Amino acid sequence: MSEVQKQVDEMEALAKGNERDRRELEQAQARATLSLANIPSELLENMALFLRLVRTVLSEYDDGVRKTFDRLLADSIASASKVDQSKDEVAFHDAIDVIKAMDLDAATMLTRAFAAYFHLANICEESYRVHALRNRERDVPITEASDPINDITVAYRQLVDECGRGKAIALLNRLEFHPVFTAHPTEARRKAVEGKIRRIAGLLEERGSLGGVALLENERRMLQEIDALLRTSPIAIQKPTPVEEADTVIDIFDNTLFDMVPDVYRRFDDWELGDKAGTVAPICPAFFRPGSWIGTDRDGNPNVTAKVSRRVAEKYRVHVLEKLAEATQATGRNLTLDTASTKGSDELLNLWSHQVEMSEALTQRAQAISASELHRATMIVIVARLRATIDRTADLMYEDAEAYIDDLMVVQRSLVRAGAVRTAYGPLQKLIWQAQTFGFHLVEMEFRQHSVVHSRALADIREHGRWGERGELAPMTREVLDTFRAIGSIQRRNGVNAARRYIISFTQSAQNVADVYELARLAFAHERDVPTLDVIPLFEQIEDLEGAVDTLDQIIQLDPVQRRLQETGRRLEVMLGYSDSSKDEGPTAATLVLHTTQARIAQWAEDNNIDLVLMHGRGGAVGRGGGPANRAVLSQPKGSVNCHFKLTEQGEVIFARYGNPVLASRHVESVAGATLLQSAPSIEYVNTESTAKYADLASALDRASRERYLDLLNTEGFVEWFSTVTPLSEIGLMPIGSRPAKRGLGATSLDDLRTIPWIFSWSQARINLAAWYGLGFACEEFGDLDRLKEAYAEWPLFTTFIDNIEMSLSKTDRNLGRMYLDLGDREDLAQKVLGEMDLTRRWVLAITGNEWPLQHRRILGPVIRLRLPFVNVLSLTQVLALSVLRERGDKLTPEERERFIYLILCTVSGVSAGLQNTG
1 MSEVQKQVDE MEALAKGNER DRRELEQAQA RATLSLANIP SELLENMALF
51 LRLVRTVLSE YDDGVRKTFD RLLADSIASA SKVDQSKDEV AFHDAIDVIK
101 AMDLDAATML TRAFAAYFHL ANICEESYRV HALRNRERDV PITEASDPIN
151 DITVAYRQLV DECGRGKAIA LLNRLEFHPV FTAHPTEARR KAVEGKIRRI
201 AGLLEERGSL GGVALLENER RMLQEIDALL RTSPIAIQKP TPVEEADTVI
251 DIFDNTLFDM VPDVYRRFDD WELGDKAGTV APICPAFFRP GSWIGTDRDG
301 NPNVTAKVSR RVAEKYRVHV LEKLAEATQA TGRNLTLDTA STKGSDELLN
351 LWSHQVEMSE ALTQRAQAIS ASELHRATMI VIVARLRATI DRTADLMYED
401 AEAYIDDLMV VQRSLVRAGA VRTAYGPLQK LIWQAQTFGF HLVEMEFRQH
451 SVVHSRALAD IREHGRWGER GELAPMTREV LDTFRAIGSI QRRNGVNAAR
501 RYIISFTQSA QNVADVYELA RLAFAHERDV PTLDVIPLFE QIEDLEGAVD
551 TLDQIIQLDP VQRRLQETGR RLEVMLGYSD SSKDEGPTAA TLVLHTTQAR
601 IAQWAEDNNI DLVLMHGRGG AVGRGGGPAN RAVLSQPKGS VNCHFKLTEQ
651 GEVIFARYGN PVLASRHVES VAGATLLQSA PSIEYVNTES TAKYADLASA
701 LDRASRERYL DLLNTEGFVE WFSTVTPLSE IGLMPIGSRP AKRGLGATSL
751 DDLRTIPWIF SWSQARINLA AWYGLGFACE EFGDLDRLKE AYAEWPLFTT
801 FIDNIEMSLS KTDRNLGRMY LDLGDREDLA QKVLGEMDLT RRWVLAITGN
851 EWPLQHRRIL GPVIRLRLPF VNVLSLTQVL ALSVLRERGD KLTPEERERF
901 IYLILCTVSG VSAGLQNTG
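Each residue of the sequence shown is one higher than the one before, counting from 1 in our numbering.
Calculated from the structure, these hints are not laboratory results. Just so it is clear, the structure is predicted and the values come from calculations on it, not from any experiment. Errors might be hidden in some of the hints.
Claimed, not checked - In silico PhoX-like links for lysine-lysine, alpha-carbon gap of 25 Å or less:
#: 1; residue 1: Lys276; residue 2: Lys167
#: 2; residue 1: Lys891; residue 2: Lys100
#: 3; residue 1: Lys693; residue 2: Lys789
#: 4; residue 1: Lys323; residue 2: Lys191
#: 5; residue 1: Lys196; residue 2: Lys167
#: 6; residue 1: Lys315; residue 2: Lys191
#: 7; residue 1: Lys276; residue 2: Lys343
#: 8; residue 1: Lys315; residue 2: Lys430
#: 9; residue 1: Lys430; residue 2: Lys343
#: 10; residue 1: Lys276; residue 2: Lys430
#: 11; residue 1: Lys196; residue 2: Lys276
#: 12; residue 1: Lys315; residue 2: Lys239
#: 13; residue 1: Lys239; residue 2: Lys191
#: 14; residue 1: Lys276; residue 2: Lys239
#: 15; residue 1: Lys239; residue 2: Lys307
#: 16; residue 1: Lys430; residue 2: Lys323
To be verified - Restraint-style ranges between C-beta atoms, simulated for each label pair:
#: 17; residue 1: Lys891; residue 2: Ser41; range: 47 to 53 Å
#: 18; residue 1: Gly202; residue 2: Leu713; range: 43 to 49 Å
#: 19; residue 1: Glu60; residue 2: Asp825; range: 39 to 45 Å
All C-beta atoms in this analysis are idealised placements derived from N, C-alpha and C, irrespective of residue type, glycine included.
Input sequences plus hints: build the corresponding full structure.
Pasting the structure below:
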């Protein structure tokens, strides 16, 4: 029994003997339990509070389960603390014995309790970060001489210093941050669980201002929510449909984006304009451009059809119009400025006359409400027109969002002319920013399909005729044509920007782009009905990335591309895939090849007068290009950003980055600031010079890491072994996304396996192989530690890469990893993996100068160390359950097998939430 467990038992006995002080004693007991986890003091009290409440709920459920919970948590904290290695081993094996001794029902409830407590720990961490940000900002006055907290302001001022104000403003006006939300299945948390987490977070937030009975009521409501959280299955009953997946975007939009984004714009103006902010025209452009693949990503997902895309687009359209109508009504309701004090401009009178011509009934009702308040009356009609746009009432509806924004700006200019500048540039400006950001589409939907599907569809059409005159067209061909018709329909209803991008997976030649334009033309009888398309090549595999420039040379010669370049000011989007390149050749080689490819494409764009936008297909995990986005932006080659940064956001990363308004604001400001700053001459110089200086190092690491990685993957029996030692098959059973885990060819080849389950499985096994394998060997082959340390200090790309690897290693656990690898009965493969993990860890720590991963990361290090004890219990439960399935699965009854799988799925849900960026 650990020392921590002894403390817990002693204090529990004391609590029983003194009922009056029970709550205070239990809180102290919770603090004692957590003390060895090295938690920052600001976190400790809230963590202890939630631990106390979970223990209360567990005692009410089953006091025996509560005692087991206490013992496992104490053992896990002692094991994770690594203060005394001998005691750590004792605690680890004690935890194994405890879990093995439990029956299946108790193990399942313990798993749910730890997963629930982990969600609560995450709430504490989030609250800690929010308060830290607020305290930091509170202590800095907004003056011209002060150091701004706002990253966009920092970047802008540096550009002013380096380039002059005129160039800085021009770059600011080009700024675009374009996150594209996807439905890739790495968010293993149910929507029902998310709702409870939000309510508990709200209760914690309000707790600091309460006392007396109100504080007791707050705690009662917390207990109520925690009890419900514990009793709610973490596993959804069925997979979501693509239409239901769209609720992820709508949820984030409602809870965060709609109000947070204009607040980000305003915060920049506050820093730059000071007292003038909100009384003069804004400086900050509406640079946030959200996109989505949900309901449109067809690559390997048969559940996404043209009909689904139409339904999702309509869902977005109606929702954003309703929100804009509510916001417009609220803004207009406060425009009670009468004609005597605030005379309407001639332009406003003309708009009112136009509204009268459009509908006398509407204007008469508006006048009856606001007889002498022309600005308010005009807004009342604008609201009515928005509602008519929802219903598609032809006589009253707005043709597009631009027409609606034009009306708002007429009202704004009239208010300015009359001297009501605070109203004009205050609430009305926020509404204009919201309309400019979200339009009538909410997100810009992007369609994606595999290049082979297009070539097969064209072959089918050539054989059977455009309309199937010479025989029946294949169902997939009809679906491809219907997709382009859906795009046309969405553009007519929601605007061209709602659905103009079409991405081609596995682009290998210009012909792949030509195929899309030809199919779009063949889908319509009349050319005027063909939708506007920006066809985006997606280069994913190493070979395609290395040949990207040659392919782009051919693409821009295509007639449809030439016409589109003329229409867009020679703007061209190109997408780079981080996933397949990493899975196929290893994370080190993929990182270096992607960097080289970006530099070559950027130079090609400059040579061809192309306004380049690179889209980064980054996942949350390091093996899929994950890590802090702002640092990734600053390490990009010269000319590859150009004030535009576009990336995919998915799974648990969406909730982590955009679930809380304060943290979301910080994320957006951080990435936008980096996107702006990347154009600074000093940043461009450092990236260019350091890339050239360390080209020999990059070449050596690329070659050696690729050799090591492919040696592992090409070992006979590796694929079957991988499926055995990780919960790959079980993850495929989770109802966490509409897209299948495999592209449909079987489970015997890694070529067919999607990258997400490849990475997800290794993270669940606490090895994270996909993030680092091959780097240690490559460093050992290179051998020059001083040179590696020098590169880490000077080369932004290498700094970011090593830091991300270090973060990934911080979430590994050798003892647990060993248990997973032992499931496969292949000691040769196990030794390869563990040996490379030890080697990589040793080299990464030597390069960073740390004794343990993230030692010198002030916030990230303690936070991850805080999570590990809870995650470790879930991982230990998972691997022990997997061992039963692997060793005697054929002897289990169907009911027993189902119960073991359910237990494993519960652990998967908890571990994925705990480790974050898992896919």
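Do the hints match the structure? See the list:
| no. | hint | result |
| --- | --- | --- |
| 1 | Lys276 / Lys167 | holds, 22 Å |
| 2 | Lys891 / Lys100 | holds, 18 Å |
| 3 | Lys693 / Lys789 | holds, 14 Å |
| 4 | Lys323 / Lys191 | holds, 22 Å |
| 5 | Lys196 / Lys167 | violated, 48 Å |
| 6 | Lys315 / Lys191 | holds, 18 Å |
| 7 | Lys276 / Lys343 | holds, 23 Å |
| 8 | Lys315 / Lys430 | holds, 24 Å |
| 9 | Lys430 / Lys343 | holds, 22 Å |
| 10 | Lys276 / Lys430 | holds, 16 Å |
| 11 | Lys196 / Lys276 | violated, 41 Å |
| 12 | Lys315 / Lys239 | holds, 19 Å |
| 13 | Lys239 / Lys191 | holds, 12 Å |
| 14 | Lys276 / Lys239 | violated, 51 Å |
| 15 | Lys239 / Lys307 | holds, 19 Å |
| 16 | Lys430 / Lys323 | holds, 13 Å |
| 17 | Lys891 / Ser41: 47 to 53 Å | holds, 51 Å |
| 18 | Gly202 / Leu713: 43 to 49 Å | holds, 47 Å |
| 19 | Glu60 / Asp825: 39 to 45 Å | holds, 44 Å |
When the structure is compared with the earlier hints, violations turn up for hints 5, 11 and 14 and for no others.
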